[in-house]
Amino acid sequence: MNALLQRLPLPRNASAYTVIAGLAIVWVAFEILNDHFLSARNLSNLLLQIAVLGTLAIGMVIVLVLGEIDLSVGAIAGVSAAVLAIMVTPLGLPAYVAIPAALATGAVIGLLHGLVIASTGIPSFIITLAGLLVWSGVQLAIVGDGGEIPIRDPFIQAIASTYALPVVGWVLAVVAIAALVALRLLRRRRRIRHGLAVGALGVEIAALAIVAVAVLVVTWVLNSYFGIPWVFLLVLLLVLGGTLMMGQTRFGRHITAIGGNREAARRSGIRVKAVTVGVFVLISAISALAGIIEASRQFSASNALGGGTLQLDAIAAAVIGGTSLFGGRGRIYHAVLGALVVGSVQNGLDLLGQPAAIKSIATGLILVLAVVLDAVGRRRRAARGGTD
Amino acid sequence: MTITTEGRATAPGPRPILELRKVSKNYGRVSALSDVDFAVAPGEIVALVGDNGAGKSTLVKAIAGVHRIDGGEILVDGEPVTIGSPTAASALGIETVYQDLALCDNLDVTANLYLGRERRRRGTPFLDHEGMEQEAAEIIRELRATIPVLDKPVSALSGGQRQAIAVSRAALWGSRVVLLDEPTAALGVAQTAMVYDLVRRLRERGLAVIVISHNMADVFAVADRVVVLRLGRNNGEFVPSASTPDQVVAAITGSNQVLTTDIPTQDAPASDASTPKDAR
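Heads up: the protein sequence lines correspond to chains A and B, in order.
One point on numbering: in the numbering used here, the residue at position 18 of the first sequence is 18, and numbering is uninterrupted.
So the mapping is simple: the numbering used here equals the position in the second sequence, first residue as 1, plus 388.
Hint data in this document are derived by calculation from the structure and do not stem from the laboratory.
One thing to keep in mind: the hints can contain errors.
Stated by the list, open to error - With the C-beta cut set under 7 Å, the calculated list includes, among others, these residues of chain A facing chain B:
hint	residue
1	39
2	188
3	190
4	191
5	194
6	250
7	253
8	264
9	268
10	269
11	270
12	303
13	328
Unchecked claim - Straight-line Cα separation of at most 20 Å, SDA-like style, residue types lysine to any residue; simulated pairs:
hint	chain 1	residue 1	chain 2	residue 2
14	B	540	A	200
15	A	359	A	36
16	B	540	A	249
17	A	359	A	26
18	B	540	A	380
What the hints assert, rightly or not - Residues from chain B that keep clear of chain A, each with C-beta distances beyond 12 Å, as calculated:
hint	residue
19	440
20	467
21	538
22	637
Where is the CB? At the ideal position from N, CA and C, for every residue including glycine.
Build the full structure now, drawing on both the sequences and the hints.
The structure is reproduced here in structure tokens:
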């Protein structure tokens, strides 16, 4: 039985299944309590609601794998959204100028954070906590006394409120499935050519079939409402890019190595400081993107954008999804899984008319559960690694 | 100082690939190494032995590029070099297997073998996973190291297997010299034997191997030559086949000399205070 399980091309860590099982329990429970929960309309709304959280959590996974943390992502989202709004509304600049400017604002903030952390060696926890205070202040100063800057640019408004036509959705789904099948088969052929072990072809095909069915079901459900939200496709694109970066590039490999054993990475000639700076630039640019999405949802940049518990929910989502707080372990898809759990609980409690207090308490309890599972798993791995 | 010892090694036969001449290193006012000579030839296993504080670790760090030396010179293949960083040592074909192995537990075997030197597919920014895994499998097969799977995180492996990965990494990248710092310190009997085999195969590949140890069993099992350091200075050279462990231990502890002062047990002393006096 065990041998059979090991041969299946499934994620090696149990945590992914734990999260998916947890998500299934949450969904079934809310569907029993309120039969609108699993409606196409509510699931579509859920995806719109978690777009910002999921985007921030993707950045958080990367920085957590490095073994650092960023407490300022909400404030960076707020400042970047404010820069975006200032450029399109009072200055009247087009979206294709304002969006890159907002992303660049995030990147520059991340560069500052990264340089201070790498050059002083002060923990990122402290530097980004200071960053949270500083950038929240800058956000307030930019937004000004009005409390918010409206955004009337149609393109920016459309980012988080429009849907792909059903036919476009189907085409994208089929293209995605075809690309996945092609990639897996190419990888298989490469491994055979290099004389490396490959799993049974039947198992591989079964796994691909499961994924293909899942993609088609999601497309069908979303198409039965308005279609796939464009912003969900944007998040998926980010997941794809992040996964490629972490698994297939030197930069990603070095991030993982530093998070696993910083000293070993340094002795192997990995430029630890340069990688650290790079990661903070990246997470801050991703936070800026989250700020743009939130501004698009609200049609404005307010001084509350990125505030509240959003920042902490992003860390919670990354950890609930299975990313370790201790560095070295985490996958980009963990961000989306975790954001789905956090988003589902909050959405479900909203449907039941529960107040914010209950939502906050529920999110906190799930986080504790996730961190306990992480710590227990870590201890078990340490025990196994120490024995012969 | 001249020490006459039975079984003392004569000058090594082939030309040394790595040679240290009159190397000194001070930490503040404490002299950790003074005028140490050391050489190793291709296809030779040299054991570097000494008590705690004898200067073994300092010498290793000088060769590995962790610390710069304060005096003397280092020659690689007959050319004087400065080894200012671990990267510089690697560039000269010198690889070090540290006592703590310097492995990333969260990465798999192949990733650890290629840590910091990952290969990419031609013309793309993407890692050549298959090429690296194939080469990793080849080097492991060649060294006959027993590592079951290459795509599992190394945290799941035993102490001996982890040591084997670190040695294989050195063999993969070290073109001239491999330094092993206490390679069997944490291992059981069977695993120690496996590491000895690995070390001998490094020699068969024509590498110069330096084994740092204070375990006489290690030294007499694998070394072609034994260099003794004591209190930061050379204190004799032995050929295992022509000498006994007792003679080497005597050189390590200094009881081959009549001392006028007590033997310090800790760290290198200030050079004048406790220099062993030669009575013969």
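Evaluated hints:
Interface hint at residue 39/A: violated, since its Cβ lies 41 Å from the closest Cβ of chain B, which is beyond the 7 Å cut-off. Given the 7 Å rule on beta carbons, the hint for residue 188/A is violated: about 10 Å separates it from the nearest Cβ of chain B. Interface restraint check for residue 190/A: the shortest CB-CB distance to chain B comes to about 5 Å, inside 7 Å, so the restraint holds. The beta carbon of residue 191/A is positioned within 7 Å of a beta carbon in chain B (closest approach about 6 Å), and the interface hint is therefore held.
Annotation: interface hint on residue 194/A holds; nearest CB of chain B at approximately 4 Å, less than 7 Å. At about 5 Å, the closest approach between the beta carbon of residue 250/A and any beta carbon in chain B falls short of 7 Å, and the interface hint on this residue holds. With a least beta-carbon distance of about 6 Å to chain B, the hint placing residue 253/A at the interface is held under the 7 Å criterion. At about 4 Å, the closest approach between the beta carbon of residue 264/A and any beta carbon in chain B falls short of 7 Å, and the interface hint on this residue holds.
The interface hint given for residue 268/A holds, since its Cβ lies 3 Å from the closest Cβ of chain B, which is under the 7 Å cut-off. Using the Cβ-Cβ criterion of 7 Å, the hint placing residue 269/A at the interface with chain B is satisfied: the shortest such distance is roughly 4 Å. The beta carbon of residue 270/A comes within 5 Å of a beta carbon in chain B, closer than 7 Å, and the hint placing it at the interface holds. The interface hint given for residue 303/A is violated, since its Cβ lies 40 Å from the closest Cβ of chain B, which is over the 7 Å cut-off.
For residue 328/A, the shortest C-beta to C-beta distance to chain B is roughly 4 Å, which falls under 7 Å, so the interface hint holds. The suggested pairing of residue 540/B with residue 200/A holds, with an alpha-carbon distance near 19 Å, which does not exceed 20 Å. At roughly 18 Å between alpha-carbon atoms, residue 359/A and residue 36/A fall within 20 Å of each other, so this suggested pair holds. At most 20 Å may separate the alpha-carbon atoms for a hinted pair to count; residue 540/B and residue 249/A meet this at roughly 19 Å.
With a C-alpha separation of about 13 Å, the suggested pair residue 359/A and residue 26/A falls inside the 20 Å cut-off, and the hint holds. For the hint linking residue 540/B to residue 380/A, the alpha-carbon distance of about 16 Å falls within 20 Å, and the restraint holds. The beta carbon of residue 440/B is kept farther than 12 Å from every beta carbon of chain A, the shortest such distance being approximately 22 Å. Every beta carbon of chain A lies more than 12 Å from that of residue 467/B, the smallest distance being close to 22 Å; the non-interface claim holds.
Not every C-beta of chain A lies more than 12 Å from that of residue 538/B, the closest at about 9 Å, which undercuts listing it as non-interface. A cut-off of 12 Å between C-beta atoms confirms that residue 637/B is not in contact with chain A; the least separation is 31 Å.
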